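Place chain W on chain B using the hints.
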Amino acid sequence: MNIRRYLNLLREIAFSQFKIKDQSTVFGFVWSFLNPLAMLLILYAFFSMRMGAEIEHYAIYILIGVIQYNYFATATSTAMRSLYSMKQLATSTIFPKDVLVVGVVVANAVEFILSMLICVVIACASGIPISWAVFMLPLVIILQAMTVLWIGFILATLFVFIKDLGHIYEVFLRVLFFVTPIFYALSFAGNGLPRYVLLANPLTHLIGFSRDIIINGKPFPAAPFAILLFANLILLLLSIRLFKKFEKKFAEYL
Amino acid sequence: MEFAINIKDGCKAFALERYHATMFRAIKRKILRRPFSAQHFLALQNINIEVSPGEKIGLVGDNGSGKTTLLRTMAGLYELSGGHIETRGTKMILSGFGLGMCDELSVEENIYLYGTIYGIGRDDINKNFHEIIEWAALQKFVGAKLKTLSSGMVTRLAFSISRHVQADIYLLDEALSAGDKHFKDKCGQVFEDYKKGPKTFVVATHDMEFVRRFCSKALWLHKGSQMAFGDVESTLKQYADSKA
Chain B
1 MNIRRYLNLL REIAFSQFKI KDQSTVFGFV WSFLNPLAML LILYAFFSMR
51 MGAEIEHYAI YILIGVIQYN YFATATSTAM RSLYSMKQLA TSTIFPKDVL
101 VVGVVVANAV EFILSMLICV VIACASGIPI SWAVFMLPLV IILQAMTVLW
151 IGFILATLFV FIKDLGHIYE VFLRVLFFVT PIFYALSFAG NGLPRYVLLA
201 NPLTHLIGFS RDIIINGKPF PAAPFAILLF ANLILLLLSI RLFKKFEKKF
251 AEYL
Chain W
1 MEFAINIKDG CKAFALERYH ATMFRAIKRK ILRRPFSAQH FLALQNINIE
51 VSPGEKIGLV GDNGSGKTTL LRTMAGLYEL SGGHIETRGT KMILSGFGLG
101 MCDELSVEEN IYLYGTIYGI GRDDINKNFH EIIEWAALQK FVGAKLKTLS
151 SGMVTRLAFS ISRHVQADIY LLDEALSAGD KHFKDKCGQV FEDYKKGPKT
201 FVVATHDMEF VRRFCSKALW LHKGSQMAFG DVESTLKQYA DSKA
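Keeping their order, the protein sequence lines are chains B and W.
133 is the number that our numbering gives to position 133 of the first sequence; each next residue is one higher, with no gaps.
112 is the number that our numbering gives to position 112 of the second sequence; each next residue is one higher, with no gaps.
For the record, the hints were derived by calculation from the structure and aren't laboratory data.
Just so you know, these numbers come straight off a predicted model, no measurement behind them.
Note that beta-carbon positions come from the ideal geometry of N, C-alpha and C, so glycine has one too.
What you were told as hints is all true, and nothing was included just to trick you.
Taking lysine to aspartate or glutamate pairs in the DMTMM-like style, the calculated list, with each CA pair at most 20 angstroms apart, reads:
#: 1; chain 1: B; residue 1: Lys87; chain 2: B; residue 2: Glu247
#: 2; chain 1: B; residue 1: Lys248; chain 2: W; residue 2: Glu86
#: 3; chain 1: B; residue 1: Lys87; chain 2: W; residue 2: Glu79
Some residues of chain W that are not near chain B, with every Cβ distance over 12 angstroms (derived):
#: 4; residue: Asn46
#: 5; residue: Gly54
#: 6; residue: Arg88
#: 7; residue: His130
#: 8; residue: Ile133
#: 9; residue: Gln139
#: 10; residue: Ser151
#: 11; residue: His164
#: 12; residue: Gln189
#: 13; residue: Phe191
#: 14; residue: Gly197
#: 15; residue: Glu233
#: 16; residue: Tyr239
If we strip away everything but chain B, and leave its shape as in the complex, we get:
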């Protein structure tokens, strides 16, 4: 399949996914931002006095974490079920099935980008000086989309064969919410094992990069970004290979 046809197909799939997501609700897209906002209010109300006492601009700090976590959780879960939810299409038509996974990731990325933009506007309105470093935010967004994509490919492949992965992943996401510095600082974990667990979580770094840009007004450190980018590239290629290896079996097992 040529690249033009692939991109056409990706655009149509992503557009349809994006449109049908909130079509039946009165507020449409607004819901996808109200969700992190509600989360922010709850976390702020409970933790601002203690955990947030030493964190500057604690509300924006939480908001960035919640938006990035939400994109990760929603996009990977939807990507996992993408082949299954479009089962009839996946089993009865000839086209590269990976476009269904990529389409879901892209459709969710549109909301993610809009939410991050709103977050920058709120940060600006609340008195945080926005520096030129904000132009580096798209790099963080791309890196996070890459992370979501390779995890999405692996989950979508496994979910075709093992359905209880859905339940396991739900539990994993709940744990992940607390093992990501969303409403606490990295220093809260101390210097022992918990700190290393947090550092092994790519979301810790991705959220950290955005906080550097939006709250601290400085570019993120280049070395960790480069390492994460390189690791994500390798993992993305490996996950595509895994997906392609099993693609011929999907129609039979879905």
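Okay, now just chain W, sitting in the frame of chain B:
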């Protein structure tokens, strides 16, 4: 000799799963070194056919005879469990009209979505957009959501779009089972035009009249086995006699 589809000793077996695969069972079987499913069901066995480019094959047989499995195997959606298959040229498979369309999207958006899924370029859709709408007689419904259309209208729309799909091999699964007489007549005209063309067709159908009118050869499947392949009249007669 040139061929469009060639299958030698084609077999397709499906595992008979008594339970859903769960992680616990997968690990248990791995530890006990038991294969996932010992029992298999042969959906296709000993299929030997060669289809030349431009031939129109009518695929007949009772429900459950393996017609859909054979079409999906030709499409590359299923892998053969045994034997060999080779196809030459681009393929499209159509199993039921409207597959891939979204209820929540408008008729216009669905034309682009459905057309793109079946490989029609955006430029071609733009060029033929009004013709697609007119053929389906849906001029008043361009902006309407698909869910507001009747199933007959959706079928008309899907058929109208699929006329613009460009492929060398067309694999149609019960594609003509839906629609009223007027719609079937319109579709018949489209197939009349295809009949003279160079495209290869394999059409699974229960409509024997259609096979007589459109096809140059017929293939009769029964419980996954190839009972007859060749001349339309003699194959259909054998099939009809088997039911008598």
